[in-house]
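Protein chains in written order, with the working numbering: chain V, 77 to 473; chain R, 3 to 106.
Treat the hints with care, as some may be off.
[As the list claims (entries may be wrong)] Derived Cβ-Cβ restraints for the label pairs, each shown as a range:
| # | chain 1 | residue 1 | chain 2 | residue 2 | range |
| --- | --- | --- | --- | --- | --- |
| 1 | R | Glu72 | V | Pro286 | 22 to 32 Å |
| 2 | R | Asn11 | V | Ala250 | 54 to 64 Å |
| 3 | R | Asn11 | V | Gln260 | 45 to 55 Å |
| 4 | V | Ala288 | R | Gly88 | 21 to 31 Å |
| 5 | R | Ala93 | V | Ala283 | 27 to 37 Å |
Treat the hints as calculated values from the structure; they're not laboratory data. Bear in mind the structure is a predicted one, so any value in this text is a computation, not a measurement. We put the CB at the ideal spot given by N, CA and C, even for glycine.
Letter by letter, the chains look like this.
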Amino acid sequence: MAKKNISGNEAVANALRQINPDVMAAFPITPSTEIPQYFSKFVSDGKVTTEFIPVESEHSSMSATIGAEAAGARAVTATSSCGLAYMWEPLTLAASNRLPCALMLVCRALSGPININCDHSDAMAARDTGWIQIFSENNQEAYDNAVMAFRISEHKDVRLPIMICQDGFITSHAVGVMEMLSDQEVKDFVGEYEPEHYLLNENEPMALGPYAISPYYMEARRAQEQAMENAKQVILDVSREFAEMSGRSYGLFEEYALEDADAAIVLIGSAAGTAKDAVDEMREKGLKVGLLKIRVFRPFPADEIAKALKNVKVIGLMDRSESFSTQGGPLISEVSAALFKNRVQAQAVNYMYGLGGRDITVEMFEEIFEELLAVSEGKDPIVKESGRAYRYIGLRE
Amino acid sequence: MKKEESSINSLGEDCKWTDLTEGLQIHEAATSRFFNTGEWTAIKPVFLADKCKQCLLCVPCCPDSAIPVEDYKRQEFDYDHCKGCGICVKACPFGAITMEGVKK
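Chain V on its own, in the form it takes in the complex:
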């Protein structure tokens, strides 16, 4: 295993080089552009045998990826922000037609105001399209998740498209040390793609994407939902196998100093690294704080998260995507629903942070933990004084 000093985009591009997919169709958009850029160089240099399709838009890149996957190829694309939004219609088709292609998403704020920096509004807007969504904290996780992607998506119990997400610029462009598996290790781990049914099979003509009238649509959706339920166990199994090879373990989420925590925060993505520093510093002072970092957002591990948080007194739910419900974003509402369903009585405070690439620092996390601990002790400065248990972090006011 070789140590490399590379960015998250270069790490993902190298994972794709090692996977050597049959087709990559992509259109450039910041901050994901580097992935097809690095990859097209691998194509030109003969490092891969992939058919690279430069298309005229993201609607086309997703459509070409779907077409290739339906034909029987292992296909991949990459995008960010408005690019993902432009893919929205074909995204749902990839899922409903059970085409296990992959999308390397580099999370960036949706317009407007137009902004090229990180938040999760692009990924979260696509959360109901039927794609598996796995988030990464750093370049290592982005690479590891990319290596695992096709093993999960192509599994016979799943057969759903998969989105591997990392944070724009924060991990996609920041250079950091990570460990890269050997080409042979990845090749052996990922294996060959051998679909049972595919359009270019001359021995079996087939129809894809037929019209389903109302006596069929609900049954079709239920079957698709079952595939997503199955994905949870497959993700755990593939992750376990990956850990045996790489020594790096992944679950549906990561628990950090959570076991005896009075106050904990729940979030997704690169901010977890900063939050861990704050947890470490506060733990040194004897304060019982912890972190739950969600890795898998679709399928959503609701019961597992609720179980992990059952002994926490106050939970800070942190979203990096505004959904204008006036209660917070998707992470907040889904974790809240999970806690309610599992009768977890913890108090929750909702936070919005990091929109459009706004920094969040260790000091900010420490302030959040201090607020949460005050709430846990019945001192309730946030709710009592403002009457508002939903706050923007780092907002000028």
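The hints should help you fit chain R onto chain V, whose structure is shown.
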């Protein structure tokens, strides 16, 4: 048209969600033959054999391949698949097809 055996015959409206194929894919060719789209229409064309010159202009005009041909001669309409669009009536130079046959 006689009902042949097809994998989609098991996917009637009483089938369970667990019976469906993955993504509703159909792993068989020409299954549209088993879907009687002729049920959709309330009107149908009537073939007047005595006026027909067998020019066959109506045949390629039919969007549903509902005009069978045998020995270079058109046959009676395939009402299982005719949707009653009436294009054949317009295509016939000899007035050998009418839409007089209104059901009920």
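Unmet hints by their number, sorted upward, for this structure: none
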